[in-house]
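**Q** Work the whole structure out from these sequences, hints included.
For the record, the sequence lines run as chains A and B.
Converting from the first sequence to our numbering requires adding 131 to each position, the first position being numbered 1.
Converting from the second sequence to our numbering requires adding 1 to each position, the first position being numbered 1.
It is worth saying that the hints were derived from the structure and are not from the lab.
Don't take each hint at face value.
[To be verified] Listed below are the simulated DSSO-like cross-link pairs for lysine-lysine, each with C-alpha atoms no more than 27 Å apart in a straight line:
(1) K222/A x K235/B
(2) K235/B x K227/A
(3) K234/B x K222/A
(4) K431/A x K378/A
(5) K234/B x K288/A
(6) K415/A x K465/A
All of these numbers come straight from a predicted model, not from anything done at the bench.
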Amino acid sequence: MNRPKFEKRNIEFMNDANGPKKELSSFWNYPFGYEQNLLILISLWFVGIQLEYLTGGLEKNILQFPDNLYFLIIWHVSLLIINFKFPQILKTFLAKEFIFTFLGGWVFLIIISGIVPQDHGQKNLLNQFGLTHIVVSWPYLFTLVLLASSLFLTIIKRFARFSLRESVFLLNHTGLWIILVVATFGSGDQVSWKMNLYEGKATWEAYDKNSKIYPLPFAIYLSDFILQEYPPELALISASGKLLSKKKTSGMKQQRISLKNYEVFFDEVINDGVFFNNEWKRGKHPGNVWHAHIQVYDKKNQQLLGSGDIATGSFLQAEQIFLLDNNDHKMIIKYLSPRPQKFTSMVKVFTPSQTELKTSIEVNKPFGFDRYQIYQHSYDQKLGKWSQLSVLELVYDPWIKIVYGGVFFLLIGALGLAFFPKKWGG
Amino acid sequence: MVDYLLLTAFGMFLFSFGLGIFSVMINHKLKGFERMGDLFNLLGMFALLVLILHLWITHQRPPLQTLGETRLWYCLLLPMCGMVINVKLKLSWPLWYCQSLALLFLTIDFFNPAAFETLLPPALLSIYFIPHVVVYIIAYALLTVATFMGAKNFFWKNKMFHQPGLNDDSLIKSIDQIIAMGYAFLTMGLLFGALWAKEAWGHYWTWDPKETWAFITWMIYLIYFHLRYFYLKKIRLAQFYLLGALIMLFICWFGVNYLPTAGQSIHTY
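**A** Here you go:
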């Protein structure tokens, strides 16, 4: 459909013998084809890369309320003016050549961000040209703004001839437009602060990623930090340190576990062991570890190859490994460090007006207070389950409800697309 | 703790019904064989279901976490899609493709039993977990089937396994419908993932490499719809495009682990 137009334009371009001035004007005649759109896209990227080099990235120049709102209003009012006053520009924005060029360009940029590790901190050439932070770079912003403009103009055009059949189209496009525009230009207003809580202490302040401190209108008191862990995994490791096999354990005695050609039988398992006076004992002390006494058999002939102790390590005790020596096959059987299953902060929240609220915060179970959502973030990894420190994250995003609206539109739209398929090309 | 006996059993089941269907493909007119193929197919799916339930009970968690486990579900759902197409559209060859692919993925699982052994980190213990993964696997299965239908027509049109009574137009319509359904599930997966991320980490989108690739995949299929809308007559282009799209989907599913960005991902399994 498009090809004949293409060729015709090319022929005109090639045969034009009246000097370069006219060649240029005929090249930029409306409507633009793929060549013109591609040229615009690449020029924009070129300018974007230079801006990237000059300004050191977008992150420092990110818009915040109310500037972002003003920008959104000015941007979309200009689009409305284009819509009513400049039909030629409007046509360009709605043409398939524009849509495919800019959609393709956008996806291309995101693919780069999916391949080149994204880390703004690096100091190298990739970083200077914005390749290490694509989604906060000028070329990306230009591409997105033009694409979102096209999306907005498309929505207006379709709204003008609204019918029920169009609703799926409108839901999908409006949903995507809301998410793109609001999530991108609202990101400057997102607050994401951390808060360090210590057991038995109240904290009134939070800090951002640049360690700037902010006082809060409430305090959080950490009564207890509880970390539950999985029974440690059992691993078979070669003499050269290569992990040959690992298996989950139940944490109970009398369990049999097979590791490659060997079978391990657990005589004795305790989760709070301490090695004292050449003996493993139980005790509820910080730094106590998982300990097991194991017997190792050859899987084929059930011959006992040896028995001994294994234990996980902590800040108090060194880990204990089992050396297996089977006909010159030297190997190690050991417990891996136990992995956390669940960690919870038991807290009390206070405000100056004497209200007191008792609650628990854990991963996947945030707690909403004031304007913040409060998340369990981390703890002192070195101390593990004996950590006295619990790090919470306070998140506030004033635009979130609008983004959720877009998500809702997109969900309904996608279902509509699947279950009410309309004729393609209608 | 993978049950090798069960793995072997369903591997054999699949292989046998794969062969059964293949013989049906060679000779359309032997109706009895077709029934036999369906029977083998159901048996294979039943065996897989038993394995999944077995894993669920022994691991005391839904087997939806590791790559190996997602492959199991994929192998269960793919022949199911093939059967639905067989019944609805009277097309038997997509079933054959589905089974071959299921067989391939089961073989991968069979040689990587360690892919089943992982502990769930706290962030994965969420009510969003099951819907997020299930809708993704359904989407993958549907999109794969549609791609195969296109690819078969693209490469072996009127040469091999030709099915009379089906022209290009009605085939591409079926493909578009399946893609639309797959895309709906893809969208749900993406959005459930975003809602879950908000619940677990405080931000609905963090450009984690897996997220980035999920978004790329979603965009690639979004472009497909625009391709079909603006270039309705270019059927071969659409069929070829779907092949490229499937490659992107596979990068998102497991290829991400081999990219330079993999180290930054929280989706490591």
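**Q** Please go over all the hints and tell whether each is borne out by the structure.
**A** Taking the hints in turn, this is what the structure says about them:
| no. | hint | verdict |
| --- | --- | --- |
| 1 | K222/A x K235/B | holds, 23 Å |
| 2 | K235/B x K227/A | holds, 14 Å |
| 3 | K234/B x K222/A | holds, 23 Å |
| 4 | K431/A x K378/A | holds, 19 Å |
| 5 | K234/B x K288/A | holds, 24 Å |
| 6 | K415/A x K465/A | holds, 23 Å |
In this structure, every one of the numbered hints holds.
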